[in-house]
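Generate the whole structure from the sequences, applying the supplied hints.
Single-letter residue listing:
There are 2 protein chains.
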Amino acid sequence: MSTTDLERDIARIASAARECARALTKTTNQARNEALRKIAARIRECAPDILAENAKDLVAAEQDGLSSAMVDRLFLDDARLGAVADAVAEIAELPDLIGRLERAETRPNGLQVARMRIPLGVILMIYESRPNVTADAAALCLKAGNAVILRGGSEAFHSNRAIGRAVAAGLEQAGLNPRSVQVVGNTERESIELLLHHDKEIDLVIPRGGEGLIRFVAQESRIPVVQHYKGVCHVYVDVKADLDMALAIAENAKVQRPGVCNACETVLVHADVAAQFVPRLCARYAECGVEIHGDERVRELGGEAIIPATEGDWSTEYLDLTVAIRVVADLAAAVAHIEQYGSDHTEAIVTADAAAAERFLNEIQSSTVVVNASTRFADGGELGLGAEVGISTTKLHAYGPMGAEGLTTTKFVVRGTGQIRT
Amino acid sequence: MSTTDLERDIARIASAARECARALTKTTNQARNEALRKIAARIRECAPDILAENAKDLVAAEQDGLSSAMVDRLFLDDARLGAVADAVAEIAELPDLIGRLERAETRPNGLQVARMRIPLGVILMIYESRPNVTADAAALCLKAGNAVILRGGSEAFHSNRAIGRAVAAGLEQAGLNPRSVQVVGNTERESIELLLHHDKEIDLVIPRGGEGLIRFVAQESRIPVVQHYKGVCHVYVDVKADLDMALAIAENAKVQRPGVCNACETVLVHADVAAQFVPRLCARYAECGVEIHGDERVRELGGEAIIPATEGDWSTEYLDLTVAIRVVADLAAAVAHIEQYGSDHTEAIVTADAAAAERFLNEIQSSTVVVNASTRFADGGELGLGAEVGISTTKLHAYGPMGAEGLTTTKFVVRGTGQIRT
Numbered sequence: 019m020s021t022t023d024l025e026r027d028i029a030r031i032a033s034a035a036r037e038c039a040r041a042l043t044k045t046t047n048q049a050r051n052e053a054l055r056k057i058a059a060r061i062r063e064c065a066p067d068i069l070a071e072n073a074k075d076l077v078a079a080e081q082d083g084l085s086s087a088m089v090d091r092l093f094l095d096d097a098r099l100g101a102v103a104d105a106v107a108e109i110a111e112l113p114d115l116i117g118r119l120e121r122a123e124t125r126p127n128g129l130q131v132a133r134m135r136i137p138l139g140v141i142l143m144i145y146e147s148r149p150n151v152t153a154d155a156a157a158l159c160l161k162a163g164n165a166v167i168l169r170g171g172s173e174a175f176h177s178n179r180a181i182g183r184a185v186a187a188g189l190e191q192a193g194l195n196p197r198s199v200q201v202v203g204n205t206e207r208e209s210i211e212l213l214l215h216h217d218k219e220i221d222l223v224i225p226r227g228g229e230g231l232i233r234f235v236a237q238e239s240r241i242p243v244v245q246h247y248k249g250v251c252h253v254y255v256d257v258k259a260d261l262d263m264a265l266a267i268a269e270n271a272k273v274q275r276p277g278v279c280n281a282c283e284t285v286l287v288h289a290d291v292a293a294q295f296v297p298r299l300c301a302r303y304a305e306c307g308v309e310i311h312g313d314e315r316v317r318e319l320g321g322e323a324i325i326p327a328t329e330g331d332w333s334t335e336y337l338d339l340t341v342a343i344r345v346v347a348d349l350a351a352a353v354a355h356i357e358q359y360g361s362d363h364t365e366a367i368v369t370a371d372a373a374a375a376e377r378f379l380n381e382i383q384s385s386t387v388v389v390n391a392s393t394r395f396a397d398g399g400e401l402g403l404g405a406e407v408g409i410s411t412t413k414l415h416a417y418g419p420m421g422a423e424g425l426t427t428t429k430f431v432v433r434g435t436g437q438i439r440t
Numbered sequence: 019m020s021t022t023d024l025e026r027d028i029a030r031i032a033s034a035a036r037e038c039a040r041a042l043t044k045t046t047n048q049a050r051n052e053a054l055r056k057i058a059a060r061i062r063e064c065a066p067d068i069l070a071e072n073a074k075d076l077v078a079a080e081q082d083g084l085s086s087a088m089v090d091r092l093f094l095d096d097a098r099l100g101a102v103a104d105a106v107a108e109i110a111e112l113p114d115l116i117g118r119l120e121r122a123e124t125r126p127n128g129l130q131v132a133r134m135r136i137p138l139g140v141i142l143m144i145y146e147s148r149p150n151v152t153a154d155a156a157a158l159c160l161k162a163g164n165a166v167i168l169r170g171g172s173e174a175f176h177s178n179r180a181i182g183r184a185v186a187a188g189l190e191q192a193g194l195n196p197r198s199v200q201v202v203g204n205t206e207r208e209s210i211e212l213l214l215h216h217d218k219e220i221d222l223v224i225p226r227g228g229e230g231l232i233r234f235v236a237q238e239s240r241i242p243v244v245q246h247y248k249g250v251c252h253v254y255v256d257v258k259a260d261l262d263m264a265l266a267i268a269e270n271a272k273v274q275r276p277g278v279c280n281a282c283e284t285v286l287v288h289a290d291v292a293a294q295f296v297p298r299l300c301a302r303y304a305e306c307g308v309e310i311h312g313d314e315r316v317r318e319l320g321g322e323a324i325i326p327a328t329e330g331d332w333s334t335e336y337l338d339l340t341v342a343i344r345v346v347a348d349l350a351a352a353v354a355h356i357e358q359y360g361s362d363h364t365e366a367i368v369t370a371d372a373a374a375a376e377r378f379l380n381e382i383q384s385s386t387v388v389v390n391a392s393t394r395f396a397d398g399g400e401l402g403l404g405a406e407v408g409i410s411t412t413k414l415h416a417y418g419p420m421g422a423e424g425l426t427t428t429k430f431v432v433r434g435t436g437q438i439r440t
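From first to last, the protein sequence lines stand for chains W and V. Be aware that the first sequence starts at 19, since it is given in the working numbering, and climbs by one per residue. Be aware that the second sequence starts at 19, since it is given in the working numbering, and climbs by one per residue.
Bear in mind the hints are in silico, worked out from the structure with no lab data behind them. Any given hint could be a false lead.
No copy labels: a pair is met if it fits in one copy or bridges any two.
As the list claims (entries may be wrong) - Below, a list of computed lysine to any residue pairs in the SDA-like style, where the Cα atoms sit at most 20 Å apart:
| hint | residue 1 | residue 2 |
| --- | --- | --- |
| 1 | 218 | 334 |
| 2 | 218 | 239 |
| 3 | 218 | 24 |
| 4 | 218 | 241 |
| 5 | 218 | 236 |
| 6 | 258 | 380 |
| 7 | 74 | 88 |
| 8 | 218 | 358 |
The structure is reproduced here in structure tokens:
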């Protein structure tokens, strides 16, 4: 496809999305929920087609020598596809957002002022590997009344197209424009660049993938980008911690699924419990096969096997069975460490001291702050959003796990009886 | 000042702001409100100094041949400065935002999840002429717990510096870091460019001024920008309108203060009341000295003096005693006109038909939608925000008039009893 053809193709996609977004502002929540139910049903019906297309991607992945982790993310079977359809059906049943009036008040001149929740317009998702994102993102965007452009990676090309066909069929059955959800067929990087220049048609870009992809999008985009660079999450074990609880949380946060962004990368331990806690923590991590990088005090307490931590360790997202441990003087030092090295993702404190918990909750400015629980709960589903389209570590426009509400904004609605301004 | 000195100076400002923002996250609402009261008092005490400095700007403005409207925006006297101090004192008394918990719920596993309102961090305001913005923006940013960098125009250089000194003195008296509010002394355009590259230290840019300034900032910035390009606001007179009310609203929206963004630029009239209403509307506007650009039907009904409207008229922000009038077939045509030519600022419908009002409120996606009142109410003060830092016509991160709440975000706070994820 020549550049000119590609440019024209992308321009058509962008302008169709804008048109569908306008039409969606005139649909009811009921109509969009019904479309979600039909989409879920079509995904189930189209399972043989989707799985056959998925098999093509898997063959190509093997030929290209993708890692087994990557292949696992691509892989679909009846059970996984059933879960994808279930997720879409569940989003249909979440509380409706669009048209909801918030904080109504009557002004002294009698004007009734409220905020009404409305869609953002057109969302562009740019993502890698997992074909379930195609269905999840489509469903969350539709729930929030948005049109969406889905630009997945080449490794999931056939799977994404097949899911896209099922989504389009569901939309059509429900009487909505099938182009409300568009799967971009072109998987060259150039198609991303071209999309990012359509700032008149697209309202928000959400990249999901490696740091390289996200930096590329942030740099090229003329459209606002919800960014999520990395998760350098911390567990701070306070002087008043229940140390058994601290051990269980530190283990779970690191070990239960080390390859995800809400896994813990650094454990901070209050100096006054270090002698008691650090040897137990190091032993537990050793049992779990976790490599430990520790500061001098941790090495004194934890043994010679511990690798000396370098300055770089404190800001590293290992995404693996590796952890950094540091002893800090007190809560203030823990907060200062997190301010300096953290990534605004998720931090947890373990403490039985209510005042320390409140101070940590107030002073830490990360998008999710946790008391006495694992960092692994920083997830849209776990926090009650139903599902998530991503996790923002920038404070604009959303901060933390983003569900359907993160894909909306509010307008002011004002009802008068003829008021004029004097 | 050589480029290198300027670069160093701007870098120092940005890094001091970041440091102050961190310190502000550890202050209480009471402490910041007390600082606002002290700032108001210092502005009153420093009135002789501020007015003397303002006089210098006025002399320069006259020498540079600034328009009388520009000079009027610059001009301060005891009464105007008193109003500036009052506005700061009133912001101290607005409800507190920071630390407020919203939508608390308990998850099935016992986790208590809520959103806590937090500051954005560092705000950069870039603005022209009005020195009152210096005090207003400083006060709103502090209320919301943010550090702020104020980069005003050269025409208000002395006034802004003098107000900045009063603000710094108030902060110091209240025990807060005076650099929490910094007035940039350098007024070359280059200082804007340099500031806009400090995306690590600055969280949000709010430009206020002409379209040229805003486009320049949006293009240069690596930091998210709240944009407000222009206000092409509409009044739609429905078939079921009370025509006396419609006349009063159309007059007020256009004439009461034509030079501001929430003034009406286009009146749309339902075809079935055009013969009755258009002649009265044209006569009223003629009395008020308003130049009318009308479509063919308006010229038939309103007389030969009416200038034929061109396609360009429908998207023009006149900011003057000029109005465009068009007859439309029905409400759907009015909505379609606004979608095509509007600026997402403010639109009003005049109607006695509740169903038509609801349809207009739902379908129009502008940041403020009004029923039976003047577009001139689209203003932070009038809508109950206390004061405003600007009006956003982009849906991210805020939409419509932005007060202190528009300068905040929320983080998730999670309280557990040892929960781990399985």
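Hint check:
| no. | hint | result |
| --- | --- | --- |
| 1 | 218 x 334 | between (37 Å within a copy, 18 Å between copies) |
| 2 | 218 x 239 | both (12 Å within a copy, 18 Å between copies) |
| 3 | 218 x 24 | within (18 Å within a copy, 35 Å between copies) |
| 4 | 218 x 241 | both (9 Å within a copy, 19 Å between copies) |
| 5 | 218 x 236 | both (17 Å within a copy, 13 Å between copies) |
| 6 | 258 x 380 | within (18 Å within a copy, 53 Å between copies) |
| 7 | 74 x 88 | within (15 Å within a copy, 67 Å between copies) |
| 8 | 218 x 358 | between (37 Å within a copy, 12 Å between copies) |
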